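Undergrad: One letter stands for each residue in the lines below.
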Amino acid sequence: MDTAPNKNPLSLQIDVSRFEKATDEEKRQQDVMSESTTFFKDGMRKLMKNPLAVGSIVVLVLIILTIIIAPLVVPYSYSDIIKVNGKRDKSAKNLAPFEYSKQEQKFIDEGGKVFPHIMGTDSMCRDYFIRVVEGTKISLTVGLFASILVLIIGVLYGSISGYMGGKVDLIMMRIVDIIYSLPDMLIIILLSVVLNETLAQSNSKIIQSLGTNMVSIFVVFGLLYWVGMARLVRGEILKIKSNEYILAAQAVGAPSGRIIRTHIIPNCISVIIITTALQIPSAIFTESFLSFVGMGVKAPMPSLGSLANAAREGLQSYPMQLVFPAVTIVLIVLAFNLLGDGLRDAFDPKLRR
Amino acid sequence: MSKYLIKRILLAILSVFVILLITFFAMNAVPGGPFNSEKATTPAVRAVLMERFNLDKPVWQQFLIYIRNLTRFDFGVSLKTGREISGTLSTCFAVSAKIGGIAAFVAVIIGVILGAIAALFRNRWPDRLIIFFTTLFTAMPSFVFATLLLMVFCIQLGLLPVFSTEASASKYVLPVIALAAYPTAYITRLTKTSMLDALSQDYIRTARAKGVTTRKVIFKHALRNALIPVITYVGPMLAYILTGSLVVENIFNIGGLGKQFVQSITNRDYPMIMATTIFLAVIMVLMNLLSDIMYKVVDPRIKLD
Amino acid sequence: MADLNKNKSGVPLLQVIDLHTSFTTDNGEVQAVNGVSFTLEEGKTLGIVGESGSGKSVTAYSIMQILEKNGHISQGKILYKGEDITHYSEKQMQDFRGKKCSIIFQDPMTSLNPVYTIGNQISEAILIHSNKTKEQAKEATIRMLELVGINDPQKRFKQYPHELSGGMRQRIMIAMALVSEPDILIADEPTTALDVTIQAQILELMQELQQKLNMAIIIVTHDLGVIAQMADEIVVMYGGRICERGTADHIFYSPAHEYTKGLLRSIPSVENMKQKLVPIAGTPINLLNMPKGCAFCARCDNAMKICLEEVPPELKMPDGHYASCWMNVKNNNYVSEVSANE
Numbered sequence: 001m002d003t004a005p006n007k008n009p010l011s012l013q014i015d016v017s018r019f020e021k022a023t024d025e026e027k028r029q030q031d032v033m034s035e036s037t038t039f040f041k042d043g044m045r046k047l048m049k050n051p052l053a054v055g056s057i058v059v060l061v062l063i064i065l066t067i068i069i070a071p072l073v074v075p076y077s078y079s080d081i082i083k084v085n086g087k088r089d090k091s092a093k094n095l096a097p098f099e100y101s102k103q104e105q106k107f108i109d110e111g112g113k114v115f116p117h118i119m120g121t122d123s124m125c126r127d128y129f130i131r132v133v134e135g136t137k138i139s140l141t142v143g144l145f146a147s148i149l150v151l152i153i154g155v156l157y158g159s160i161s162g163y164m165g166g167k168v169d170l171i172m173m174r175i176v177d178i179i180y181s182l183p184d185m186l187i188i189i190l191l192s193v194v195l196n197e198t199l200a201q202s203n204s205k206i207i208q209s210l211g212t213n214m215v216s217i218f219v220v221f222g223l224l225y226w227v228g229m230a231r232l233v234r235g236e237i238l239k240i241k242s243n244e245y246i247l248a249a250q251a252v253g254a255p256s257g258r259i260i261r262t263h264i265i266p267n268c269i270s271v272i273i274i275t276t277a278l279q280i281p282s283a284i285f286t287e288s289f290l291s292f293v294g295m296g297v298k299a300p301m302p303s304l305g306s307l308a309n310a311a312r313e314g315l316q317s318y319p320m321q322l323v324f325p326a327v328t329i330v331l332i333v334l335a336f337n338l339l340g341d342g343l344r345d346a347f348d349p350k351l352r353r
Numbered sequence: 001m002s003k004y005l006i007k008r009i010l011l012a013i014l015s016v017f018v019i020l021l022i023t024f025f026a027m028n029a030v031p032g033g034p035f036n037s038e039k040a041t042t043p044a045v046r047a048v049l050m051e052r053f054n055l056d057k058p059v060w061q062q063f064l065i066y067i068r069n070l071t072r073f074d075f076g077v078s079l080k081t082g083r084e085i086s087g088t089l090s091t092c093f094a095v096s097a098k099i100g101g102i103a104a105f106v107a108v109i110i111g112v113i114l115g116a117i118a119a120l121f122r123n124r125w126p127d128r129l130i131i132f133f134t135t136l137f138t139a140m141p142s143f144v145f146a147t148l149l150l151m152v153f154c155i156q157l158g159l160l161p162v163f164s165t166e167a168s169a170s171k172y173v174l175p176v177i178a179l180a181a182y183p184t185a186y187i188t189r190l191t192k193t194s195m196l197d198a199l200s201q202d203y204i205r206t207a208r209a210k211g212v213t214t215r216k217v218i219f220k221h222a223l224r225n226a227l228i229p230v231i232t233y234v235g236p237m238l239a240y241i242l243t244g245s246l247v248v249e250n251i252f253n254i255g256g257l258g259k260q261f262v263q264s265i266t267n268r269d270y271p272m273i274m275a276t277t278i279f280l281a282v283i284m285v286l287m288n289l290l291s292d293i294m295y296k297v298v299d300p301r302i303k304l305d
Numbered sequence: 001m002a003d004l005n006k007n008k009s010g011v012p013l014l015q016v017i018d019l020h021t022s023f024t025t026d027n028g029e030v031q032a033v034n035g036v037s038f039t040l041e042e043g044k045t046l047g048i049v050g051e052s053g054s055g056k057s058v059t060a061y062s063i064m065q066i067l068e069k070n071g072h073i074s075q076g077k078i079l080y081k082g083e084d085i086t087h088y089s090e091k092q093m094q095d096f097r098g099k100k101c102s103i104i105f106q107d108p109m110t111s112l113n114p115v116y117t118i119g120n121q122i123s124e125a126i127l128i129h130s131n132k133t134k135e136q137a138k139e140a141t142i143r144m145l146e147l148v149g150i151n152d153p154q155k156r157f158k159q160y161p162h163e164l165s166g167g168m169r170q171r172i173m174i175a176m177a178l179v180s181e182p183d184i185l186i187a188d189e190p191t192t193a194l195d196v197t198i199q200a201q202i203l204e205l206m207q208e209l210q211q212k213l214n215m216a217i218i219i220v221t222h223d224l225g226v227i228a229q230m231a232d233e234i235v236v237m238y239g240g241r242i243c244e245r246g247t248a249d250h251i252f253y254s255p256a257h258e259y260t261k262g263l264l265r266s267i268p269s270v271e272n273m274k275q276k277l278v279p280i281a282g283t284p285i286n287l288l289n290m291p292k293g294c295a296f297c298a299r300c301d302n303a304m305k306i307c308l309e310e311v312p313p314e315l316k317m318p319d320g321h322y323a324s325c326w327m328n329v330k331n332n333n334y335v336s337e338v339s340a341n342e
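One line per chain: the protein sequences are L, H and B, in this order. Residue numbers for the first sequence follow my numbering, so the first one is 1 and each next one is one higher. Residue numbers for the second sequence follow my numbering, so the first one is 1 and each next one is one higher. Residue numbers for the third sequence follow my numbering, so the first one is 1 and each next one is one higher.
These are computed hints drawn from the structure, not numbers from a lab. Because the structure is a prediction, the values reported are computed rather than measured. Misleading hints may appear alongside valid ones.
Quick list of in silico lysine-lysine cross-link-like pairs, DSS-like style, CA-CA up to 30 Å [what the hints assert, rightly or not]: (1) K132(B) - K220(H); (2) K220(H) - K138(B); (3) K46(L) - K69(B); (4) K7(H) - K241(L); (5) K99(B) - K220(H); (6) K99(B) - K134(B); (7) K155(B) - K216(H); (8) K220(H) - K155(B); (9) K305(B) - K216(H).
So these bits of chain L aren't anywhere near chain H, every CB distance computed over 10 Å [to be verified]: (10) K41; (11) L156; (12) G165; (13) L232; (14) I240; (15) S242; (16) N337.
Computed footprint of chain L on chain H; a stretch qualifies when at least three of its residues, placed anywhere within it, have a C-beta under 8 Å from a C-beta of chain L [what the hints assert, rightly or not]: (17) 2-15; (18) 22-28; (19) 127-141; (20) 259-268; (21) 282-290.
Note that beta-carbon positions come from the ideal geometry of N, C-alpha and C, so glycine has one too.
This is chain L alone, in the form it adopts within the complex (with noise of 0.2 Å):
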């Protein structure tokens, strides 16, 4: 330490203090590492970044709070003709948004007070914001839960495949194979024929409330659809069957349950939600087009899908009828793709560019 380096060309003041050794906590100091976070915190901070994903979130949070709240404010049925004072009124035909019947009109002349069709009312004299309303409920319903009647059977199917391999998973590989290649729209509706001819004689309370069509859906999907989601499940634990710590987690004898609880299904997790997100549009997308066909849910309930269609025999002269479900239907459909993208790109990062 005492050769104190002097050498000129050097244009540094020579402190000799600064040629002292650093320890080691000096050092690590200088190891800078970059900020550490969970997965899931990056993954929602990446999904609160994402403008598209923001505005999907927020725009699903509004048809829900309108779901819930509309029906408490508006004082019509979806299912029932106007009512003005009491009495049915047959004058209230196809009128326009904001537009009074000539009942109404003469009630609110006589001091009365009428709440305002938002969307004016369909050809049997019926509230239509409140129908569109209670179709998005309807379809929103039908979405969510033939996705989660998929992600249970999807799920299952495919860890069952995935984490027992061999032949087991052959031959159920086999079968989804052939489901995946079946035409499935096709399918639904010859089903849904079927199904709605064979339950239409069941006395079965659930069917009848919830309208055999409804019922038809449910169980072609859950027959169906979830062969995509098994796959993707599958795929997934094999990737993971893989790792070393799975093998690791098996050498020290954890017991299968365990292994598949604490280290495979967090470790699919985001797949599934992602899968989940995305299947609910499409959910929404078979109810509409079966109402196209005729097959989807029981008059008077409304759906997105049936509203539209209904709404195509006085297309020329009301197409605002055509408006507002459609609208609705691309709306609802944009928000879970965009979110479901948005979740993509935030939690999947394999799959991430």
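With the hints as your guide, set chains H and B onto chain L.
TA: Quick look at chains H and B alone, frame taken from chain L:
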């Protein structure tokens, strides 16, 4: 290749068999279905059914007879019109195939071009514009889109004729647009993703390092690789177009398979439903098979396997 | 561009001066190359050594200007025969790439386009840089395939990349790089993805072709064995900066940077066969979070307080090579300080 081919063909045959099985037993289960003589409307119809499907024989024999008839392209007669179904099917299919074929062609060409543009202008306005519209189109049910087209172009603007019997090229315009919208949007997004993927590959760097011009890097080296995934979508796309025709043909009043199918459902014309389902399903399975085989042909890497 | 072809005497073939290359990422600007300078003479071999993240490959890609879209040269010059190529247009660069300077990559498995035949891809390189017809290009390709030791070139011409082994593909890459007889061949980890026996063959092939075609080679690698076999001059990089540069003898027999010393201790050789190998502790640095002082300080056994605070200047050693390490200042073991622009 050949092992894969055999596997794939076996799967297709199996799928067709399952479809036959489902249709047969579904129709068997329907009260008033073609295999249900109790509800036959008239004794004459009942006699026809008895004779045709040998309803007095056990179910498995009925199934065999039914398949044997199918192999001869014999679907029986329509309950509604009393005509041979096979004849109706072939006339209707000719119409649907024409419109569907044009729609598929349009979707692939436009989708690939737009997708390539979106990839090359990533995060700039052409990309954002294209992605905005494709996202919108993938979120719109085909019947909504078709109805909107009808509303805007035929009723409001009166620009194009609603599909009529007179033969003119313009009558195909709207149905083709309605059918092609979703596949175009899908192919655009698919091409964009696979193009971006291809552009990030090492061989693109190699090509640039050779001094290849930017244009040739894109069109020769990237696009060719990017198109491989698009080919896998051709099968599902044709299936989508066929299903979409159920809606579009009804809205534009085109006498194709789709219209026939929906009509037969409304009329509960079971032999017709059954025949159309099987016919469409078999076409879809074949298309899927074809696109899978094409995929293997285009990608030289898989040839030797 | 005609003046490019004239070889001005006294001007080195390639001179990199104070090169800075950075990448724009979501997490900010990353300085991948931070003031790198070196000179490549005609017909010589320069080795760039460093671990992953040291900026050695980015230096190579900067010369070719084939960086990813988010990367750019932010400062410095690259002189090819005295002419700065950093300001070349894309069109001029296309003429430079493949004709004046070629590059081969680490992974021959992914570096060839899977959907075109070998022949198509090599001929393409010929057709770009000459007025040859397709027939002539094919002849030239087949001659080149023979030159790089591919048997049955007529047959290989029509084959796809996946039909060849890794070693063969790397030969194809070399053939493709050399068809226009460039002055410089950059080899970016050319043997890393290959089997050990194949590695030696590829290196020998490169040396043989260097003799035949009289080209200069820049070999980028983390493998000191490869460097020892190939390089005349060596540049050691760490964290985007040059630690030490000099002739192979300087670097191997009188290293003057703690990182180089550490590297040499960590490889087995005949001399240290009986001693225990000493790995360099710690992990490579994070380019997003560069330390204030010497990039290597956190992993350096002999780090001093000054190392943590100040970037060491480049110093000329008594034997004539250059190193950037405060130890040399402490031990008074240097001749003079070198300014960034030499």
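Undergrad: Taking the minimum C-beta separation from L232(L) to chain H, is that value above 10 Å?
TA: Consistent with the label, L232(L) stays out of reach of chain H, its closest Cβ about 17 Å off (over 10 Å).
Undergrad: Hint check: K99(B) vs K220(H), CA-CA at most 30 Å. Holds or violated?
TA: Cα-Cα ~20 Å, so holds.
Undergrad: Does K7(H) pair with K241(L) here, judged by a C-alpha cut-off of 30 Å?
TA: Cα-Cα ~27 Å, so holds.
Undergrad: Between the region 2-15 of chain H and chain L, see if three or more residues pass the 8 Å beta-carbon test, and mark the coverage as holds or violated.
TA: With 4 residues closer than 8 Å to chain L, the region 2-15 of chain H meets the three-residue bar; holds.
Undergrad: Can we trust that S242(L) is non-interface, i.e. its beta-carbon lies farther than 10 Å from all of chain H?
TA: 22 Å, holds
Undergrad: Under the criterion that the straight-line Cα-Cα distance not exceed 30 Å, is the pair K155(B), K216(H) satisfied?
TA: The given pair, whose Cα atoms are some 26 Å apart, holds under the 30 Å limit.
Undergrad: Confirm or reject the coverage of the region 22-28 of chain H by chain L under the rule of 3 or more residues with a beta carbon closer than 8 Å to the chain's beta carbons.
TA: Result for this restraint: holds, n = 4.
Undergrad: Can the restraint linking K220(H) and K138(B) be considered satisfied, given a maximum Cα separation of 30 Å?
TA: Holds, at roughly 19 Å.
Undergrad: Per the stated criterion, does the least C-beta distance between N337(L) and chain H lie above 10 Å, as a non-interface residue requires?
TA: About 6 Å separates N337(L) from the closest Cβ of chain H, which leaves it inside 10 Å; violated.
Undergrad: Taken at face value, is the distance from the CA of K134(B) to the CA of K99(B) at most 30 Å?
TA: 18 Å, holds
Undergrad: Just double-check G165(L) for me: nearest Cβ-Cβ distance to chain H has to come out over 10 Å.
TA: 20 Å, holds
Undergrad: How does the region 127-141 of chain H fare against chain L when you require at least three residues with a CB closer than 8 Å, holds or violated?
TA: holds (count 6)
The structure does not agree with the numbered hints 9, 16 stated previously, though it agrees with the rest.
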